[in-house]
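A.B. asks: Below, each chain spelled out in residue letters.
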Amino acid sequence: MTIIRDSWTVFTRALRLSIRQPIWVVFGLLQPILYLVLFGPLLKGIAASNPNFGGDAWKVFVPGLLVQLGMFGASFVGFGLISEWRSGVIERMRVTPASRASLLIGRVARDVLVLLVQGSILVFAALAMGLRAPWWALGVGIGTVALLGACFASLSYAVALKVKSEDALAPLLNGIILPVALLSGIFLPMTLAPQWLQRVSDANPLKHIIDGVRAMFRGDLGSSTSLWGIVLTLVLVVGGLLVGTRVFQRESA
Amino acid sequence: MTAILEARNLSKTYKIRSRGKGAPTTVEAVKGVDITVNAGEIVGFLGPNGAGKTTTLRMITTLLDPTGGQATVAGHDLARDPIGVRRSIGYVAQMGTTDPSAIVGEELVDHARLYGIDPKVAAERGRALLADLDLQDVWTRKCGSLSGGQRRRLDIAMGLIHEPKLVFLDEPSTGLDPQSRANLWHHIARLRDEYGTTVFITTHYMDEADALCDRILIIDHGEIVAEGTPEELKRRVGGDQVILSVAPELAARTAEVAAGLIADSHPEAEGGEVRLIAADGGTALPKLLAGLASAGLDIDGVAVRRPTLDDVFLTLTGRSLRDDVDA
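Chains as they are written, first to last, in the working numbering: chain E, 26 to 278; chain X, 38 to 364.
Bear in mind the hints are in silico, worked out from the structure with no lab data behind them. Do not take every clue at face value.
Straight-line alpha carbon distances no greater than 27 Å define the calculated DSS-like cross-link-like pairs of lysine-lysine that follow [said to hold, decoys possible]:
hint, chain 1, residue 1, chain 2, residue 2
1, X, 52, E, 187
2, E, 189, X, 179
3, X, 271, X, 324
4, X, 68, X, 271
5, X, 157, X, 202
6, X, 157, X, 179
7, X, 68, X, 52
8, E, 189, X, 52
Given the structure is predicted, the values throughout are model-derived calculations rather than measurements.
Okay, chain E solo, but in the shape it has when bound:
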């Protein structure tokens, strides 16, 4: 299968370039750790005094941070693609016999690997700070980061290839990502919200994904909340990759 070989080539090249510019990887890592250290302790008090919080602060907060990492860590990869496009790398690869899907898959795979490392470090840091959850739930949490990352990275590349301008991409991403993040209960569970806000957030798949990971962190694998989260994650990944591949295959992109 040449698509696997070509994806591997694109992946190794992209990874090499990322490792050579480790500053972004470090920043991406530092961000969730800062949240953990500087924001986590605030939640401990709220969790203890408010029955709507849903239990132990770390079990609520760490799943939120993991999903946030998957979303934010991957959403901005499009900027890198625009600079690659500007230096002619994308065009150059598009006139090789390599499948155009592999140009996307290789890059997304690099982003997923980076997120897996970042997610693992986040989980270990949280364990050190007092998180207690079943080992399989931690694994599912990191897996969710990777899958959401694949979805958002793929969409980010697709949009970047369409707009081809940082000035257009930045407001577009912020305009979408920020409300989606706020309506998903990343920092505080949506059970604390007034009725109308809860209704609005019900339409957000990310909210259900976070709820699913939180349920699993409580040790609850078979419940409909957990399964719903897994199904939605898989749907988002497939959808995101399909959109991305389509854009990469289109003639004018």
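Guided by the hints, dock chain X onto chain E, whose structure is given.
C.D. replies: Just chain X now, kept in the frame of chain E:
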């Protein structure tokens, strides 16, 4: 001679939806061009910015689907076998090919891997190509640290790593200083002479097309307006230009007398200059100067200019190529 590229009636139209109401307007970027390139030729595709050069090139290189027409590139049908086309051509885009933060050798090897070439073979080939292009010592350097001329030659090496029979260079010398341009031309000529590669080059520089190309296609407003060797095209202008410097008050009278001396010379007086056309400037000059002297007209200076491709473009389109070139 065998054709390595044959395009028939290739066209591209875009629908542009204007803001607000109103039907979308159709823009014909390329209006059915025919292109034939024979194996071993260096062919220039010349035209002002926006004439349709890059659009045509992007269609032939499988980056853009044509609206109409067909093409056979290196024996592969463009519509039915785009992968076959990609395998046999090299394409060096105007915007470059390499990531500034990547290492030269790694970019070359990775690019070759996308063609299914073994990394060891690719590394050997890459080093040999760089040496041929006077880039011996850049293998481990970052692409972004190379000079403009070096970077351009690296682009060409990238385009040649899979040993294509046909290579497309889109505006290769844009942005280079005169020395780097001359050096680049030397290397492009060698591609054909030493590797037997067929080269198709787009440019809006007349001197570039003149210096490099065996044959030139001139495109304007999406149509090919002329085709031929540089010499053939220059002959179309009708002859050499003779420029006489005179005192401004004598210019009109000088033009009048010159018109009587040399048939069909269409003299034009402007300020202290009289310009006229002569089939052969060298033989017309003595007759012209003697005639003007006997009419009592003093000539301060004289110049004979051979026609350039700029003149060809002006004759064919009524516009100077330079008018369209934005800096």
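A.B. asks: Next step is simple, just say for each hint if it's right about the structure.
C.D. replies: A quick look at each hint next to the structure:
| no. | hint | result |
| --- | --- | --- |
| 1 | X:52 with E:187 | holds, 17 Å |
| 2 | E:189 with X:179 | holds, 24 Å |
| 3 | X:271 with X:324 | holds, 24 Å |
| 4 | X:68 with X:271 | holds, 25 Å |
| 5 | X:157 with X:202 | holds, 22 Å |
| 6 | X:157 with X:179 | holds, 20 Å |
| 7 | X:68 with X:52 | holds, 14 Å |
| 8 | E:189 with X:52 | holds, 20 Å |
The structure meets every hint from the earlier list without exception.
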